[in-house]
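Asker: Read off the chains here:
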Amino acid sequence: MSDSSTRSTGTTPLLEIKNLEVGFQSTNGIVPAVRGVDLTLMPGQTLAIVGESGSGKSTTAHAIINLLPGAGRITGGSIMFDGKELSSYSEKQMEDIRGREIGFVPQDPMSNLNPVWSVGFQVEETIRANGVATGRKEVRAHAIQVLKEAGLADADKRLKQFPHQFSGGMRQRVLIGIGLSSRPKLLIADEPTSALDVTVQRRILDHLETLTRDIGTAVLFITHDLGLAAERAEQLVVMYKGRIVEAGPSKEILQNPVHPYTQRLVAAAPSLASRRIQSATAQSETHSLSDLDYAPTKVTEGLDLIAAAEERVESRPVTKRPDAIVVKDLTKVYKIRGQGKGSSGELVAADKVSFAVEKGTTTALVGESGSGKSTVAKMILRLENPTSGQILIDGTDVAPLKGKPLLDLRRRMQPVFQDPYGSLDPLRNIGNTIAEPLQVHDVGDRTARRDRVLELLGQVSLPQSLITRYPNELSGGQRQRVAIARALALKPDIVVLDEAVSALDVLVQAQILQLLAELQSELELTYLFITHDLAVVRVIADNVCVMQQGRIVEAASTDAVFDNPKEQYTRELLNAIPGAGIILGV
Amino acid sequence: MSNKPLSPTHFVAPLEETPLVAIDAVNVGERKSNLWIDAWRDMRRRPMFWVSAVIILLVVVVALAPNLFTSVPPNSDCQLSNSNGAPTGEHILGFTKQGCDVFSRIVHGTSTSLSVGIIVTILTSVLGILFGAFAGFYGGWLDAVLSRAGDIFFSIPYILAAVVIMSVFSAYRNVFVISLAIGIFAWPSTARVLRAEILRVKQSDYVMAAQAVGVSNLKILMRHVLPNSIAPVIVVTTISLGAAIVAEATLSFLGVGLPNSTMSWGNDISAAQVDLRNAPQTLIYPSLALSITVLAFIMMGEVVRDALDPKARAQR
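Here the protein sequences line up with chains F and C, keeping their order. Numbering-wise (the UniProt record's numbering), the first sequence opens with residue 1 and increments by one. Numbering-wise (the UniProt record's numbering), the second sequence opens with residue 1 and increments by one.
Because the hints were derived from the structure by calculation, they are not lab data. From a predicted model like this one, the values you see are computed outputs, not experimental measurements. All residues carry an ideal CB built from backbone N, CA and C; glycine is no exception. Hints are supplied without guarantee of correctness; some may be wrong.
[Stated by the list, open to error] To be clear about the criterion: a stretch of chain F counts as covered by chain C if any three or more of its residues have a C-beta under 8 Å from a C-beta of chain C, and this derived list gives those stretches: (1) 425-438; (2) 477-488.
[What the hints assert, rightly or not] Simulated crosslink set (EDC-like; lysine to aspartate or glutamate; CA at most 20 Å straight-line): (3) F:Lys491 <-> F:Asp442; (4) F:Lys18 <-> C:Glu17; (5) C:Lys32 <-> F:Glu473; (6) C:Lys219 <-> F:Asp408; (7) F:Lys241 <-> C:Glu16; (8) F:Lys359 <-> F:Glu524; (9) F:Lys241 <-> C:Asp24.
[To be verified] Looking from chain F toward chain C, a few residues come up when the C-beta cut is under 7 Å (computed): (10) Leu381; (11) Pro415; (12) Val508.
Just need the whole structure built from these sequences, with the hints factored in.
Answerer: Encoded structure:
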């Protein structure tokens, strides 16, 4: 221990993990979550661990600071941090390391600040706990400094405020401030921005980068976004099923992925795919994606987003078709209770929104949280009534429809929602779930319905044996397939996809996007695609409407929006797609 | 792919170490699984479930066929010479003050206690589910009206209310009236639990999906919302069945329950209190029967709650 200060300088690693094994105790013995991970981080360096959910990336990070959830424990290997063997540390010894020498920024800024204490109190608590400063005044002064560093103007006033008075981005800034308050040598950031809007994400990460560079803190990033990881970290570690499959310099891994799994990830990441299409279209005037110097390998076959996008472009109809959806001056105003006594305000969720969707094409409605995109979708689906404006489906005004005509409208237009865990009734089996629309609309008899359900399961590539199974046996991606099958049961013309792929892992997301593209060309579907993710838009949509604060600020074809954005806000959004600064090997 | 040489720090694991599996492959177990199936599997493994199930089953059998358990008549064969007598061969628990067989009276009193418990439970469930479901699902003015109505009933302790009702209707003291008197003020807790659960469940995307398909509101309530909200009601109901049995005993003990001619544990406990010192068996055994039965229902409620709460299950 005595020579720890000398060892941490120079070329000795700050963090050296060797053959780390972590398991979770269950009733059937220990389930391994991390299996023999080696990892080296030099002082001041930034390293990102990338992987899907369940890959062991978060478990590895939590093992370093001994914050494994209840049943988890380190079953083997060593964690050397700054000359100290952390895996043998007791809980008490660990408390001195945590916060003081290793800072931690958690994933969800909404639940990681205690709502009943002021922000200042929580910052001061950390400062006191880590012995950064003592004495009321000093602690307070230090807390103000932390918040100032976190980028909050008038920090001394903000100190007295409570977490609910802060936006998500502000809270994450505070958490980063807390994480860095005692100038740790290492900061672990576990998906620090995955709950935030892209433009906020970009600002927060820029800020984090500046701060850690100034202090000289090494950063261990945990993320599911390959583009983000490569952009923000010098070193990349790709994890799969508890093991490291590939590690090395970020840019090299991205340009030259060797392990088949990394190749899969690179091919499926929307941020990278959109980047690639971008550079390809910029190079060639023909806009043909087949000119792309990129050959998917065998393992990535059937999962390549660029190939999918290319297919879409080829099958795009040449002649103009009639509009399936026309929205004119659609406005929705919510009455809200005001902050003051007896006052009430109005929230304009959608403000004179107008657009049209051509039959058989995909229009994406893009915007950050609170932009009103979901409200528009709900009004089109007649799940909310518009305050004013008109919605025409195939030329028919839907507002006055009631009873039978409304039921007929529902038959032609179906939704798929975001949360795969919430969109299926947990107590109804898959067969009944998919057959429900058929029942409601009295389509066919029992056997005919069963046949249709089996056909639909085939269309979304699910085994027919699932018909008697329940949703809790399925993964998120599979549940979303079931939701798509239910939406297709009545052979609709229009499908409204409300963030339908946002909650899925990249590979599964790519798979579902491809399925959607196939179904569209097969069944001539019209998609209204609601999303916050511009990168996904690039590979699936023909036209884009960018929404901000209830208004459409820019609407054009996808190529036009990406190649030649007219509005400042659109440019901001485009620049915020992770991976912007990466030169790809295309 | 370019064939540039890898930099020295670029590590690639051999493919054999972590072979790629199909993305998002369907991997379902051999057995079906949903909330109820899982709950049943969970309960089956617990001794507490079996203990309480056996006791409840025994109580039900005793209530339905008391003569299987005792051949001694509970009322007609009483002899004052046996007053407060100690146990003998045929009369294993001794005699009451009136010289009746304690065991026989307990056995024959079971059906009264259980009937009250079951009738009260049915009553509170029906009222609670009706009020809770409509208030929670439809909201607005209907919720305001139904919830305030519930609050009024909730603000009066149901034992107190039952005492008043039974005193007023003293001419009609029977199992149905006493059940009505208890049940009419006990349902708001069921309604509240259900309402809260329905408020949660109706926000689910699957409810919105059903709306978008065109399922009518009432069908959505019956098909999707109610089945997904009923679990906590079952827990509350199981536990309150025990509480209803206690309430009947309490009312009978206070002298405003069932008439003395009706055999019930409450009446027996009430009659025995004067002789607590010289004949404790007359008090202890009916009390024990009451406690064990109520305990069985409460234990069952606990087991059901644990089984239906996946979070509690994950922690074990």
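Asker: Would you mind marking each hint as holding or not holding in the structure?
Answerer: Hint by hint, here is what the structure shows:
{"no.": "1", "hint": "425-438", "result": "holds (count 7)"}
{"no.": "2", "hint": "477-488", "result": "holds (count 4)"}
{"no.": "3", "hint": "F:Lys491 <-> F:Asp442", "result": "14 Å, holds"}
{"no.": "4", "hint": "F:Lys18 <-> C:Glu17", "result": "17 Å, holds"}
{"no.": "5", "hint": "C:Lys32 <-> F:Glu473", "result": "8 Å, holds"}
{"no.": "6", "hint": "C:Lys219 <-> F:Asp408", "result": "18 Å, holds"}
{"no.": "7", "hint": "F:Lys241 <-> C:Glu16", "result": "13 Å, holds"}
{"no.": "8", "hint": "F:Lys359 <-> F:Glu524", "result": "8 Å, holds"}
{"no.": "9", "hint": "F:Lys241 <-> C:Asp24", "result": "13 Å, holds"}
{"no.": "10", "hint": "Leu381", "result": "5 Å, holds"}
{"no.": "11", "hint": "Pro415", "result": "5 Å, holds"}
{"no.": "12", "hint": "Val508", "result": "5 Å, holds"}
This entry satisfies every hint, going by the numbered hints stated previously.
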